[in-house]
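S.K.: Listed below, chain by chain, are the residues.
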Amino acid sequence: DTEVTQTPKHLVMGMTNKKSLKCEQHMGHRAMYWYKQKAKKPPELMFVYSYEKLSINESVPSRFSPECPNSSLLNLHLHALQPEDSALYLCASSQAGSRYQETQYFGPGTRLLVL
Amino acid sequence: GDSVTQMEGPVTLSEEAFLTINCTYTATGYPSLFWYVQYPGEGLQLLLKATKADDKGSNKGFEATYRKETTSFHLEKGSVQVSDSAVYFCALSDHGSGNTGKLIFGQGTTLQVKP
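Taken in order, these protein sequences are the chains called A and B. When we follow the numbering used here, the leftmost residue of the first sequence carries the number 1, and every step to the right adds one. When we follow the numbering used here, the leftmost residue of the second sequence carries the number 1, and every step to the right adds one.
Hint data in this document are derived by calculation from the structure and do not stem from the laboratory. Using N, Cα and C, we set each Cβ at its ideal position, and we do this for glycine too.
Not everything, but these chain A residues come out facing chain B in the computed CB check (under 8 Å):
1. Pro42
2. Pro43
3. Leu45
4. Ile56
5. Leu90
6. Glu102
7. Thr103
8. Gln104
9. Tyr105
10. Phe106
11. Gly107
12. Pro108
13. Gly109
Go ahead and model the full structure; you've got the sequences and the hints to work with.
M.R.: Take a look at the structure:
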C-alpha cells in the first residue's frame, strides 16, 4: 500500500481565516513533505520533516506553519493567507534513511482558494 | 546546483503512436531519477524510477533508462492511449540534505493523446 491521504480535498478561505490541512500515511515512512503547486508548474518544496523533526524550511512565509504530531501525521496550519497563496498543496512521504529508500509518494492534494 | 530540463510541450499524438519525452539533468554525484505523472485534478503518481547508471525503470508500458554518459532519462512508450493524457514530470533526488532526498523537478510536459 503506497497511499497518502489528504483532507480536505478543496478549501476556500478568507484572508483573515485560520484553517489547517491534514496529511496521513500508514506506510511506516519517517520523512514527510509539503509542496505547493501552481497551475502548469512543477511542485515547489515548502517543508521536510524527518523523524518528526523539521529538517528543511524553504524560506516559507510564517503564515504557513507545519506540524508533525507523530510519524504518520503532518499538518499545515494556515493563517492570514494572501490570494497568491491559492494553489494545490501536496503532501508526500518517503522512507528516509538511505538513498534507496528515498522514493516520495504523493497524496491527491488540497486545492486551496484564498479570497 | 542540480537541475532537470524537459522538452517543452504540449506533445500531441494520435492513439497507438510512439512516445518520447526527453529529460536531461545536471547533478553532482549520482542522483536517483524519477518520472511522475499527474492526471487532471489529481496529485503526482510515481511512474518509474532508476537509482544508478544503466538501470531501466518500467511501468504500465513506459520505460526510461538512466544514461550517465549523456545525463539523460528519456521516457518512452511504444503505443500511447487516450488515457495516457496527463502531465509528466522528470525529477532527480538531491542527496545534499542528509537522508531526505530533496526532489528537483523539470518543468513538466503535457501529453495529449487523440483518438
